[in-house]
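Peer 1: The task is simple: from the sequences and hints, build the whole structure.
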Amino acid sequence: MTDFFDSPANKSSLHTGMEARERLRARYRAEWMFKALGLGAIGVSVGFLLFLFTTIFMQGWPAFTHNFVALPLELNAQTLGDEGVISEESLSGADYDAIVRTAIREQFPEVSGRTAKRTLSGLISPGAPVLLREALLADPERRNAPNAITLPLSDFADLYLKGQISRSTYRTGEGELAIEVSETGVLISGADLAAGLESSGADGKISLSREMPSLLLYAGGGVFKLETLEGNLATARILSPLDAGETTKALDWQVRLIEVPEANRKFSDREIVWTDKLVERQLVQAKFNTLFFTRGASREPEMAGILGAVVGTALTLVVTLGLSFPLGVAAAVYLEEFAPRNRLTALVEVNINNLAAVPSIVFGLLGLAVFLTFFGMPRSAPLVGGMVLALMTLPTIIIASRAALRAVPPSIREAALGIGASKMQVVVHHVLPLAMPGILTGTIIGMAQALGETAPLLMIGMVAFVVDIPGGFTDPATVLPVQIFMWADFPEPAFQQRTSAAIMVLLAFLVVMNALAVVLRKQFERRW
Amino acid sequence: MLDQIKLETTNPGATSTALLPGTMTPANPKITARNVSVFYEQKQALFDVDLDVMPNEVLSLIGPSGCGKSSLLRCFNRMNDTIDVCRVTGNITLDGQDIYDRSIDVVELRARVGMVFQKPNPFPKSIFENVAYGPRIHGMTKDRDELEELVVSSLKRAGLFDEVADRLQDSGTSLSGGQQQRLCIARAIATRPEILLMDEPASALDPIATSIIEELIDELRQNYAIVIVTHSMQQAARVSQKTAFFHMGKLIEKGETEQIFTNPVDAKTQDYITGRIG
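Residue numbers (our numbering), protein chains in the order written: chain A, 1 to 528; chain B, 1 to 278.
Any given hint could turn out to be false.
[To be verified] Simulated crosslink set (PhoX-like; lysine-lysine; CA at most 20 Å straight-line):
| no. | chain 1 | residue 1 | chain 2 | residue 2 |
| --- | --- | --- | --- | --- |
| 1 | A | K162 | A | K35 |
| 2 | A | K423 | B | K156 |
| 3 | A | K277 | A | K266 |
| 4 | A | K277 | A | K117 |
| 5 | A | K117 | A | K287 |
| 6 | B | K125 | A | K522 |
[What the hints assert, rightly or not] Covered stretches of chain B, as calculated for chain A (at least 3 residues, CB under 8 Å):
| no. | region |
| --- | --- |
| 7 | 75 to 86 |
| 8 | 101 to 113 |
| 9 | 130 to 139 |
| 10 | 183 to 194 |
Calculated directly from the structure, the hints in this document are not laboratory data. Where is the CB? At the ideal position from N, CA and C, for every residue including glycine.
Peer 2: Now the structure itself:
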């Protein structure tokens with residue numbers, strides 16, 4: 001048996017020979033693979049994140065603007081006053097519904113029939129009278145400038161103007177059209193009608209049902225919806241009357257194809273024509289959607305805002321922070337600095353670690369059983385929500401704080417103890433301040449978790465439909481994620497937009513909180 | 001002075017050695033340790049040590065790593081209390097009072113027995129705050145002026161003031177290693193202790209910083225009793241008047257530094273100071 005180090009293979013060729021080169025290459029290959037895998041993982045997650053953010057932004061962005069209409073409202077002693085005298089009382093009791101209704105109907109005097117009139121009034125948001133009343137009560141002088149008061153359009157009118165109801169294509173016709181309006185309907189004839197409509201005319205009579213894309217004819221100042229087609233003859237329904245007379249010959253005409261069939265959309269051809277007219281008369285303006293940020297929940301998407309949820313979230317988080325931060329830090333300091341190492345503290349430690357892994361809905365059930373049922377605390381209240389979330393956040397804060405405390409170098413403790421500082425002084429003067437950045441990071445992570453939590457709050461009734469902005473810790477309230485959850489459930493497409501917009505607001509909150517954490521951490525680190 | 005020095009040798013594991021009869025002791029020892037043993041859980045790190053620390057003297061504890069000299073040092077200000085598994089038996093007195101007695105407040109004890117650690121460990125605070133911390137927690141000064149005076153004189157005593165006079169508000173951690181260690185000494189003496197314990201105070205420093213510290217120790221001897229743990233025999237020879245040699249947790253030999261280094265009684269001491277063990 002020769003000594004390993006004396007064997008001839010272990011001479012200079014050991015680290016320079018072919019085999020060694022091959023080994024080295026394999027090592028570099030492995031390293032390259034490892035790096036590529038890591039880069040790939042980052043790439044995939046960034047890709048998903050970008051995709052998610054883009055879809056949310058694309059969908060949510062339109063919700064930040066809304067189309068408002070400035071109607072010439074009749075705001076005078078007759079409509080607002082009580083027997084001709086305008087007082088605060090009369091302002092608060094006036095029939096704003098009628099004022100708004102009258103104003104929109106005056107724009108379209110030709111509209112007759114109760115259904116049609118109701119549809120027309122529906123262009124304006126049902127919340128408009130409420131807003132009008134609020135505006136006048138806040139500043140009665142505004143009645144002198146009625147045109148400056150803008151009222152929100154209904155959600156579908158708004159969506160239509162944002163181009164989200166349907167695509168339309170226009171075709172300009174040639175040749176002369178004869179239009180005859182009679183009791184039974186409108187008869188349209190013209191040599192080039194079939195060509196203009198791109199219909200062959202050979203198929204005989206075509207009926208355009210509600211399940212088919214709509215064809216609108218713009219001629220002689222009127223708008224007609226085509227119902228049947230037969231060669232160069234067509235029958236139609238009036239959506240907007242001719243400028244003059246019952247019969248006219250038009251040289252300029254246009255056909256508009258609305259791709260989505262009327263049956264498949266919540267915004268009829270008539271409403272489209274009316275809305276176009278309002279735009280034509282320059283009464284409509286797209287503005288930043290302040291309603292979204294200043295109002296609480298509502299069944300009307302255009303009137304629904306996130307302020308209620310934001311205030312509810314703020315109140316809830318204040319309770320959560322107020323409970324979990326002092327409790328968590330105190331628990332961590334005791335366990336880390338003062339507690340004797342025995343079976344009991346080991347048990348407590350294991351339980352805290354397990355608590356961090358308990359599903360949040362369980363905390364919700366606990367809140368329901370203990371806080372609501374046993375202690376009889378109010379339902380849907382930020383106080384209870386905050387307490388439940390505090391239970392959920394506590395383990396996170398305790399674990400992070402303990403790690404931060406443990407990371408404080410023992411030399412600092414020794415230094416302070418060596419001078420004669422008491423245990424308490426060591427902790428308060430030296431260890432806690434040094435651990436504070438880590439503790440704050442853990443707290444912010446816990447608070448961010450709490451901010452995004454929905455399940456436990458559902459259990460304690462924070463899913464209620466709360467119209468009023470909560471004014472205190474015991475008022476019924478909801479929170480942002482629950483609001484998002486509720487809006488996501490509503491069928492109206494305008495609510496889908498608001499869902500995305502609310503998610504953007506929630507994300508903004510998270511970014512602000514994280515930025516705050518970074519700033520706070522820097523602050524503490526600089527002091528030391 | 002020779003006749004004032006109590007010279008004893010003990011055998012390892014020997015029982016308490018009383019003062020040799022006839023030995024003059026005009027100055028009472030600041031600290032007396034009798035039968036001191038230290039245990040970490042079941043493992044005994046120090047075996048029945050008897051040792052005296054005299055005022056205005058530097059006592060150096062030498063010996064190879066793990067010989068228990070730091071454990072003994074940490075008994076003198078009860079720093080071992082902070083280690084859960086550590087147990088100390090025997091009797092240690094400070095000015096005749098048992099420091100492990102129930103009536104002794106450990107906070108007060110540590111104010112009287114200052115300590116400087118192996119690695120410079122200034123607080124991550126300003127230089128001023130580092131030195132002011134001790135007087136502040138013990139409420140030693142009446143007002144800000146007095147505190148400032150105390151800080152300045154402590155820094156001067158530690159030989160650091162001239163270097164940091166214009167930047168007392170800078171962080172203590174921004175200083176160089178040697179300056180940091182002198183800051184720690186200033187911090188330790190600011191509480192006006194009676195005894196200064198130093199656990200290898202120069203082991204992390206370069207030779208120049210080391211020599212500054214050594215000069216400082218020599219000056220500080222005028223006011224304090226100093227116990228210093230060191231790995232450097234030259235350092236022990238330079239700064240101390242008394243030396244105690246430890247091996248495997250046992251006090252092998254103690255005596256005047258000159259005698260230990262020139263004419264050791266025990267063969268192990270001989271081996272250690274000549275570099276054959278350690």
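Peer 1: It remains to establish, for every hint, whether it holds in the given structure.
Peer 2: Comparing the hints with the structure gives:
1. A:K162 / A:K35: Measuring from Cα to Cα gives roughly 46 Å; hence the hint is violated.
2. A:K423 / B:K156: The hint is violated at about 30 Å.
3. A:K277 / A:K266: Holds, at about 19 Å.
4. A:K277 / A:K117: Roughly 16 Å separates the two Cα atoms, so the pair holds.
5. A:K117 / A:K287: 27 Å, violated
6. B:K125 / A:K522: Roughly 16 Å between the alpha carbons, so the hint for B:K125 and A:K522 holds.
7. 75 to 86: It holds: at least three residues are needed, and the region 75 to 86 of chain B offers 4 whose Cβ sits within less than 8 Å of chain A.
8. 101 to 113: holds (count 5)
9. 130 to 139: Three-residue rule met by the region 130 to 139 of chain B, so holds; n is 4.
10. 183 to 194: holds (count 4)
Checked against the numbered hints above, the structure breaks hints 1, 2 and 5 and satisfies the rest.
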